[in-house]
Structure formats: structure tokens, C-alpha cells
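J.: Join the two chains into one complex using the hints; note that each chain is given alone, in its own frame.
These protein sequences, in sequence, are chains X and Y. Quick note on numbering: the first sequence equals residues 1 to 347 in this note's numbering. Quick note on numbering: the second sequence equals residues 1 to 455 in this note's numbering.
Treat the hints as calculated values from the structure; they're not laboratory data. All residues carry an ideal CB built from backbone N, CA and C; glycine is no exception. Treat the hints with caution; some may be incorrect.
[Unchecked claim] Quick look at which bits of chain Y chain X covers, simulated, 3 or more residues with Cβ under 8 Å:
(1) 175–188
(2) 417–431
(3) 436–444
[As the list claims (entries may be wrong)] Stretch-level coverage of chain X by chain Y, calculated; a stretch enters the list once three of its residues show a Cβ under 8 Å from a Cβ in chain Y:
(4) 91–101
(5) 172–186
Listed below, chain by chain, are the residues.
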Amino acid sequence: MLNEPPTPAARERPPAASFLRGLAARSLLLLVAAISLNLLVDPFGVHGGRLFEPIVLRTRAPKLRLYEQARPAPAIVILGSSRSFSMEPQYVAARTSRRAFNAAVAGAGVRDYLDFARCMAARNSFPSMLIVAMGVEQATLDARAHERDDAMTDCLDPQKAFWERAQAYRGLVTLEETWASLRLLGLELTGRPAPAYSFGPDGMTRGPGTSRLRVEQAVDDSLAAAWAPSLFDRDRLDPRSVGQFRQVLELCREHGAKAIVYLPPYHPRALARYLKESHFASGRARLLEQLGSWAKEYPLRSYDFTEVNRFGGRDDMFEDASHPTEEANRRMLDIMLAGETQGHGLP
Amino acid sequence: MVFLSYSYLFLFLPGAVLLCRASVTRAALRTPALLLTGIVYYSLAAGLPQLALLLAMTFVTFKGVGELMTSPVASRQRLGLMVVVADLAVLAAFKLGEAGILGPVGRVLPLGISFYTFNLVSYGLDVRRRQTAPAPSFLSLAAFSTFFPTVAAGPLLRYGHFREQESGARRLDAELLELGALSLIVGLAKKTLVADPLGAAIEPLFADYERLGLDAWLAVTGYAYQLYFDFSGYTDMAIGAAALLGFRLPPNFNAPYTAVHITDFWQRWHMTMSQWFRDYLFLPLSRALLRRRPSLDGADGVRAVCLVFTMVVIGLWHGATWSFLAWGLFHGLLLAGHARLRLARGFSIPVGVSRALTFVAVLVGWVLLRSPSPGMAARIWGAMAGLHGWGASSLHSRGPLLAAVIVLLVATNAPLERYLLHAGRSAFRSWALAVLLVLALLSMGARRPFLYFQF
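Next comes chain Y alone, as it looks inside the complex (with noise of 0.2 Å):
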């Protein structure tokens, strides 16, 4: 069962929204209800040995930061990091296995791993922080780690903040239901309407790349689009499920192809990923090798090392094969450059012109993201950069595809999105969404899957 059946949106979400809503009322029931709906969720969703998995490594954690409270101040630091080392090693073990390096072993990645671990993580880094409190129950943690909108592709979450929610009296005003009956609309008409039909338009341009030659400028730009709406419309989904049970999500996009520049981009996109990955990797590596290396060029320096290597790290989150890692450090070199950029006096770019670079930059690097072998990358980059002349196919028979993605560029540049989430409720924004609801139903029989479900 995913977020695109009738059997969740019909059957298994008004029922998970019913429970969790009659049981706000009462303290005990509150957090069992919860973790039932998660339960159920991820045993349809991935099975049975999957769910026991995602269960386990939450005992360990749930007991590895209890062992944390009670141990003498000078062993923390050490628990502490055999707990995060554990839960990263389950991770590290099956990202490799699916990548195909550790032989038979793991080669199927349960459903959100790469998620529900780092969830778990930043539990027990931000606990032994002392930036959150531990988890007053095995039964609490657990429905923070298998909480349903969330498990399959975040967006990541901090425990406190769903602590804060899920022990609090969670408002469940007709606002809230409003926010989230809006958020599902739009990002089922995101995934339905746009990300699914706009990868079958391309899909044949990347089997036959070998042929493409300026029209890859056409492909990889609808690949970009299709891996926005696809994933910014799961995660309004998402959103959508967790405002129906009362909880607030943080935003995970924010226009991210309006970006000014490569940093900014980063601000917009996959924002949860990006945020833990400043606060748990970046900025502990930075102060560490401030202290350790100061020989590193200062502090200039230090950012720029360790900008590349988060980014790697981030590439290789998404899986362990070239090309995630060449993506990685990709954008950690362009980090790492526009950082040094931004420190020379006197040098700017008017908006409109870097804006366009920026989204250069970023269609340049999904190409990584879409291209299996180095030898496709590059044959796509050539055909982008001219080498193999206009491509084999007509503008007449691109012309579906040239007109959806020009409707997009403007699309994603105008506040559509918030006007139909946030503006005022007039009767015809009610019929526009209404329209797009219908629209999306009636397309979810051609449906593919979230495209960020393999990581």
C-alpha cells in the first residue's frame, strides 16, 4: 500500500485519521494509537521482515540512549556514538548490498531506511546533546520512527518537535484539516498530472540517448521537473496525512528552481535532508577541524573541505554507486566554489542571470542522477554542450513535450503552488481544486512509483 492507492486514500487513511483523532482526547491512548496506524501502514507498505527491522533498530536505539542517561558523564561521548555507529552500520550494510558490493547480502532495501535511520540518529545525537529529552517509552520512539506520513520518504523529522506535537494537545481545528485536505489535492495532481506523465514523455529520449544531441537539453530538463513534482508531491502528501492527525511537517521545498544561486538552491530542496546533514555532519566537522588543522588554509579552507565532503557523503546517501557519489561532489565542488565567489569584492551577476546558471548547474548535475553508467553521462553532457548537433528527432515531434516544459518553467516560477494551498477561499478556487482532485483520481491507474522510494 502506497500514498497513490485507493486503499490508502479510501480505506486505510480516514481510518488512521478517525483513531488518532477520537484517542487526542486521552493521554493513554494517544501514543498506542499512533504507533498502531504506523504499524499497519508499514507492514502493508514493505512486510512483515521489514517492519520487525525498522522495530529492532528502534529498541536498540530507544535502549542504547537509556544506557546514555545512566552511564557516568565520561563514557556518554563513547555510548553515544556506538549507538549512532550501529544504526549508520544496519544502513551503510544495506546500501551496499544493494549497490551489489556485499554479493548476495541485502540486496533489497527496505522501504525507507535511509529515512527512519537518520531519524533515529538525530534522536540520539540531539539526546545526548542535551537538546532533547530521551523518549519516555519504547512505545513513544516507536511511533516516531514508523510515523506514517513520514517513513517511507520523510521528510526527516527531530524528535522533539514530534514530541512536542504528539504528547501536547495537538490542535485539530478545521484549519489544520483544511491544510491538509489542501496538501493532499495538490501533491496527488503533482505526482499524477505532471511527474507521471512527463516520465513517460521522456523516458524514450534516455533510452535512446545515444541519439540525442541539443534536444538533451529537452530530456534533462523534464527529468528535472519530473523529479521535482514527483518528489515535492509526496511530500505534500505527506504533509497533508500528518495536518489530517493533528501534526505540523516541516516544509521540505521551497521553490527550488527560482534559486539565485547554488547555496540558495540547497536552501530550497530537500530541505530536512540538507538541514541534518548542517547540523549532525557539516558544522561538527568544521568546528572539529578548526580545532585540529588550523594549517587548512583558515577557516575558508575548512569550509570548503568540508563542504565537498558532505555533499559526497549526501550523494552516497542516495545509494552507493558512481553516480550518486559523482553528483555528491559535484555540487560540493560548485558549494565550495560559490563560496570562495561570494568572499571576491566586487563581483555580482544580476539575479535574472544567475538564477539561469543556478538551474544550469543543477540540470547539469541530475544528469548524474539519471545516467546508470560514466558513458551515458558523458554522451549526454556532449549532446548538451552541442558535440552531436540537433539530436535525430523533429522539434514537431518534441513539440508536447517543449510546450510542458516551457508551462512549467513559468509554473514553478509564479506563486501557483501557494495560491492554490494559501490563498483566499473563493468559489473558483474551490472548482480549480476540485478539478485537479478529480483529474488526479482519474490518472492514478497509470501511476509509477515515487521516484524517491529507492533511497
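So here's chain X without its partners, still in its complex pose (with noise of 0.2 Å):
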């Protein structure tokens, strides 16, 4: 019986182990498959291999990297939302004789700020003036984009431990990102679009405008989405982001600079609907109170630009609900830099 040669059916049927073995191979050369093929492709571009250019739009690493190479540093810094893209520093520099830096980032919540603010401390090159935009929303929701920013992130903690460093390797084991590579190198080979905008040398978005006859369009876009009332929901500031922004101004006291805050506009379609729907009217008072309480204590001034007649603006002056045109930041500009104007050249 011993002897018995195996039947054809157990010849044809492998073993166990041996399954299992060829199992594991194949495991193991997919998973190399695509932690490779992230890694090369990189499409977040959060792994240096900028082989490609990455897929996604990223504001606060290309900010940052821009201002560290703008020689001399800047005097004039504008932080803001994607609402101050347009705020213009060649419109600044004009007014001030000062050389200025646009240093709004997507999505910017208050803690943007400060950690913008700390890098440019931690760099020694902290400007004379901040012109900061303060949307109700931000004082009132603890909120902002999630954006993968190594480069922040190593300017605010350079001795960040190895765990925490290989942290952002994590992503090449995810299925998010390997998608994105596939994505990104089928785009690659059918042609990729044109970025929506990018960045100048200070920071001043460049890009197609919005036409005048998507506008409307825009605004019930706008509206009916991310900028819907409900935005404003709560009438009380957000402690953390009161906390976070009354850090920014420390350090302007610190570096002996300037700090001019104001409120950005809202299409007045949208405003009229805030003021009804929502409890923006709270929220506005409490965040003005807030900065004249601050104005006693720091070198603060603030303008509530909100509503259109307090710079001169009109309803045509935006590019959806929330962001104004460049025209209207010159306007707004132009009252907040009433009088900061210099003598001599630029810096």
C-alpha cells in the first residue's frame, strides 16, 4: 500500500504549503508593484520624486517655499484664503513702496496663520506689517483644508522624530494614493489639462478669471454648496480659533510689526441671505467686538469690509458668493493703506 503511486487526481492537486507559498510571492510582488509605483509617480509630490507633476493643487508648501526664496524679505505679508488670492503685492509695493508677498493659502483657517506666521519667525525674516483677511467663518469654526504639507511641517518642528518622519511614507501603502498614480499617469499619457492657476515669485495667483456670464451662475453655485448659510450657524467665535489668532498677533508685537485686519466682502445675494438665514449678524458683532478689544492691546487696526458700500464695491466686483475681484481688493487696499505710504524706494 505504501508503495502505491499517488492517484491523478492528488498528482494534479498541489500541496498546501506550496499554494500558500505561491500565494504569499504573488502577495508580496503586488505590493512592491505598488509601493514603486507610488513612489515614482508620487502623485501627492510628498515623496520627492517629481518625476511628474503632482495631481493635486497644493498652496501652503509652494507658498512657503516662494517666500523663503523672495530676496530681500518681504515687508508686507498678506495672509488670507483662497477669498485674498487676488489681493495683489505689485498693487501694495505701489501704494507702500514696500515689497510685499500674497501668502493666502486654500482653505485657510486661523491656524494657517500662526503656522505661517511662527515659520516666518523661525526664519528670522518676520515682515513690518501683516495685512490679514478674517472671514466670519474663520472666527467662528475651527476649521481648514486638509492639505499634506511636509515642507510646513518641517519648518515648524525640525526635530521631528524618525517615527514621525516615516509617518509620511504611510501614504504609499494606501489604496487613495495608488489610484492616484494610476490616474495620474493615464492623464499623463492622454494629456493632462492646464493647472487652474499657479503662483508668481510673490506669491500673486496667476490664472484664467471667471467670465462675466458664469458669475450669477457662480453665486447659486456657491451658495448652494461650501457657501451656503449654514456655514454660519454658530454666533460665537471659536475659542481655538480666537486663541490661535490672538498667537499671531504676540508675534507681531514680538517683531515690533503691524498687523491690519479686515472682514472680506460677501456678494451682496449671498450677504442678504446670511443676514437672514443664518446667525452671521452675531457672529460678525462678536468677531468686531473681539478686534477692538484686541486693537487696546496690540498694534491692530481692523475694517469690516462685509458689505460692498464700506469700500465702494458693487455686486459685479466678485467671482462667485465669497471672492472678490482684483478691482475690489484695490479698492479695499486702498482705504487699509491710506497714509502707510513711504518716501523712499523699495526695501
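T.: Here it is in C-alpha cells:
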């Protein structure tokens, strides 16, 4: 019996151990392939491969890099969200004879202002003036867009532990990054569209504007989505945002810098809805009250431009419910910088 | 540390397997090694205070059952009952505490308390009935109650079955290793590739349930599959981990959504729990009632009452809230109704129709489990009945979810799972499993907790 040859069925069926070995080898092969793909393509631009342009719009790291490259260091820095993208540093420079930089980042929260201010302080290049956009939504919410941002983290925490640095590579083994790598490769093969916008050396946004025909539609669209009245559901200031802003002001005082804070405008149609359907009015009142109280303590002055008549604006000076055009920004700058003109050339 | 973490899959599990396999040939080390893995797992997953509670309950049960065996026959009944009541009282206190009925007491439900309490209760009752021998040592019973593959969410075990494998020479062959590895892969894939994305897709629908119309069917069907793939995925991972240690666990699911009637469904869904309640509640209660209350319309009446009562208790076992109670009552009434129907002669329905009706009945029941308030359940049922039109969303926006649900409807009715777990060892199957494993590992970053951990 012992010497009987195995049956054909038994011969055809590989042993379990060999099947498992094959499965392990195939799994390992696939895993290594996925990791290599993500490392080489680097779709989010975080591993430093740079074979391809990253697939996502990133604003924090590029702005910080541009700021560090600016020589001499800018004397005036604009902190804001995408609502301040069209605030021109060149216009500021022309009005003040001082070099300016636009450090506005997409989906900014007060935390981003604090991070950027800390980085400037850490690089010993704190400006003499900050122009800070402080929307009511930023003061009542502690929210900001999530953006993978190793450059900012490196600046704020250069002594980062090895394990924390290794965490940045966690994305290599995620489906999200693998899918993005494949999409990016697909775009490279089929021809990728031009980026929506990019930033110049002074941080100013370069890109196509919104056509007039589309603006009314854009207001409706933004009111139905990210800029719905529910954004102003809270009538109290967020304590974390307040605390972070106070730290920005502390840094200004410490570095002998002046802070000009303004409440950016909303499209009149959007503002009417906010005033009617949300706690916008009480949120704004509390913010103005807080700014007034800080003005006694810190080198700060503030302006409320939430309504277009405060700066001589019009409802056609918007790209959607909350993003003012360059012309609107110029008018606000004219008011804010009145009396800031210096008699000599750029420093 | 939970099943879905790199630390579990790549550190703890391999370490536990190596330790248990190394100790399997040394009788003196077998139980301590197993207990050590259970203690380490539970303390990492739930913390030391919860581990202390688990071990205390195990100790009380061990001592109580020990007394039972040495006491006179006349007092055994009472002692056995005391042990069971003590265990169940702790469970009930935490369930009521979690529901807020006991004020601030016991607001946090210890991990797996519903499962390990039932394991201990079944041990006490089995010894009392002389169906199994008492544990030879506290270590052995503690190894059973802390058995890490099942301690968090089952499947429910019987001590006798566990002890046979724990004390005997466990089979540690490649076939069992294969079953373990493949069950782990299939379970991981069920959870990360099906249950979690499905949960994310249906969450906005339930969050905005007041706008649901007939698309409520899509939301509820999605939830049904999320629940199944989540829980059966967990079970597969438990069966896989146990197989790697040399244990064969009882199956917990058998294609439940292919059931042809509601009794069939309960023979296929969470089988170890159904069997537990059948053996320790339904049958003893039926026998007792038949003896004492013959007036209850004979055996059929007794069966109906006991079915409804058992299902209500099953509902409450999930949590002391109105929705679990209503869900249990709903299924109890369905089971009692089906038992009546089966007795009616000349009544038959084509298999396809009865399968569809059963699925619809199960979906109607799941609405209760997904609704934190009676108002929400009523609103969703109304939407399913067509009282609120088509719903606010367009078919276009629900397209991907609809496609996923249709694929799952087909997949769960086809023997796909059996193919992945038990088909021949071909290169194609090996590649299919490798792709599933890698996709599941890549998806682990966005994981959600297992739904059944809350019970």
C-alpha cells in the first residue's frame, strides 16, 4: 500500500504549503509593485520623486517655498484664504513703496495664519506689516482644508522624530495614493489639462478669471454648496481660532510688526441670505468686538468690508459668493493702506 | 489593537501563532501560552480594567461551578442557577448602563462582554447538565474566555468543543494553515473592500433620511450588505486566526440572504448565537411551559410564545434600547407566523418568490437596527412603501451605489465565497486571492470599527 503511486487527482492538486508559498510570493510582488509605483509617480508630491507634476493643487508648501526664495524678505505679507488670492502684492508695493508677498492659501483657517507666522519668525524674516483677512466663518469655526504639507511641518518642527517622518511614507501603502498614481499616469498619457492657476514669485495667483456670464451661476452654485448659509450656524467665536489669532498678534508685537485685519466682503445676494437665514450678524458683531478689544492691546487696526458699500464695491466685483475680484481688493487696499506710503524706494 | 491594524496582522498574530505552535507539543505549556496571547490581546484592545472584569467573571464562574460539582445533588440546581444569574447580572448592568437607564454607571460597554458572558454561561449550564466536564484549572477556563480570535465579537464557543482542541493534539498541518490564511484574506477583503465603502456610501442617505423616497430601498439594502460583510468579515478573520492556532471554529454564517423563509434565515445568520438561544433558552422554556401550562393552545401555542420571547431577548442582548426590542419582537412574530404557516397544508410558494419575500422581511427589520428613534424608522418605512415619492436624489447620483448593491445581490447568491475559500489550488485562484489581499491591505488606512463590536 505504501508504495502505491499517487492517484491522478492527488498529483494534479498542489500541496497546501506550495499553494500558500505561491500566494505569498504573488501578494508580495503586487505590494512591491504598488509601493514602487507610488514612490515613482508621487501623485501628491510628498515623497520628492518629482518625475511628474503632482495631481493635486497644493498651496501651503509652494507659498512657503516662494516666501523663502523672496530676496530681500518682503516687508508686508498678506495672510488669507483663497478669498485673498487676488490681492496684488504689486499694488501694495506701489502704494507703500515696500516689498509685499501674498501668502494666502486655499481653505485657510486661523491655524494656517499662525503656522505661516511662526515659520516667518523661525526664519528670522518676520515682516513689518501683516494684512490679514479674517472672515466671519474663520472666526466662528476651527476648520481648514486638509493639505499634506511636509514643508510647513519641517519648518515648524525640525526636530521631528524618525517615526513621525516615517509616517509621511504611510501613504505609499494606501489605495487612495495608488489610485491617484494610476490616474496621474493616465492623464500623462492622454494629455493633462492646464492647471487652474499657479503662483508667481510674489505669491500672486496667475490663472484664468471667471467670465461674467458665469458669475451669477457661480454665486448660486457656491450658495448651494460650500458657502451655504449653514456655514454661519454658530453665533459665537471659536475659542481655538481666537486663541490662535491672539498668538499671531503676540508674534507681531514681539517682532515690532503692525497688523491690519479686515473682514472680507461677500456678494450682496449671498450676504442678504446670510443675514436672514443664519447667525452671521451676531458672529460678525462678536468678531468686531473682539478685534476692537485687541486693538487696545496689540498694534492692530481693523476694517469691516463685509458689505460692498464699505469700500465702494459693486456686486459685479465678485467671482462667486465670497471671492472678490482684483478691482475690489484694490479698493479695500486703498482704504487700509491710506497713510502707509513711504517716501523712499523698495527696501 | 483590533483585527484591522498592521500591529495585529504583522506583529501580534504572527507572534501568537509562533508561541502557540511552539508550545503545542508540550502539554504543560499549551494552556498558559494560549492564555498569555488572550491576555495580551485583550489588554491591548480593551485596557487593563476591562481585562480585570473578564478575569473576575471567569474566576467567579470557575469557583461557582467547582462548588456545584462538590455540593449535594439537591443544591446543585440552585448553585448552577446562581452562577448563571451572577454572570448575566453583570451583562445586564452594563447593557442598562450603556442605554443610560442606570445613570452614569457602566456607560462604557466592556469589549466583547455579550460574547464572553454567554460563553461562560454556556459553560456553567453544560457542566450542570453534565454535557461537559468542568474545567480542570482556572487557567483552562481563562484561556477559553479570553481566546483572542473570538473574545471581541464571537463566534460563540462551547467549552467542551474548545477543551477537546485545546487539550488534545491539535492538527497543525498545512491544510489548516491554508484555511486560516485564506479565511483571513477573505475576511479582510469583506470588511475593507465591501463593508466600509458601502457604509460610507449609505451614511449620507441615512443622515438625510427625511429626503428619502423609494431610494430608501437602496439605502436599506446597502445597510443589509454592510452589516453582513462587516460581521461575516470579522467572523472569517476570527476563524482564520483560530485555524492558524490549530482550532476549528463553528461557522457563523451560511449565505443568509439566500434563505427561503425566516426560519431558514435564522439558521444561516449568526448561527452560533441562534444555536445558543435555542439550546439554553428556547428549548428549556418550551419544555417548562409545556409541563406547566398545557392550556396555551397545545405545543403550537407554546412554540409561538417561546419564539417571540426568545427573539425579544435576542434583541435586548444586542442592546437595551427600544429599537433592539422592537427588532426582536418583529422577528419573533415573523418566526411564530411562519411556524403557523408551515402547519397549514396545501400552502406553498415558489422558491424564488419566498426567497425574495424573506429578503424583504429582513430588510424591513434592519430599518429598526439602523434607526436611533421610532420616528426615523417610521419615516424610512413610509419611504419604502412609496409614501414619499421617488426621493430627492436622482438615479444618476445614486448610480454607483445601485451598481454596487446589484453586484452584491448577485455575488451573495453565487458561490463566490466558497470558490475563494475551498476551490482547487489553481494559479488563477492564487492571483485572485493575492489581488484581494493587496487591495485590502492598501484600503486599511480608511477603516471603520466593526459594527458588532458595539454589542
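J.: Quick one: which hint numbers does this structure break? Sort them smallest to largest.
T.: When the structure is compared with the hints, only number 4 turns out to be violated.
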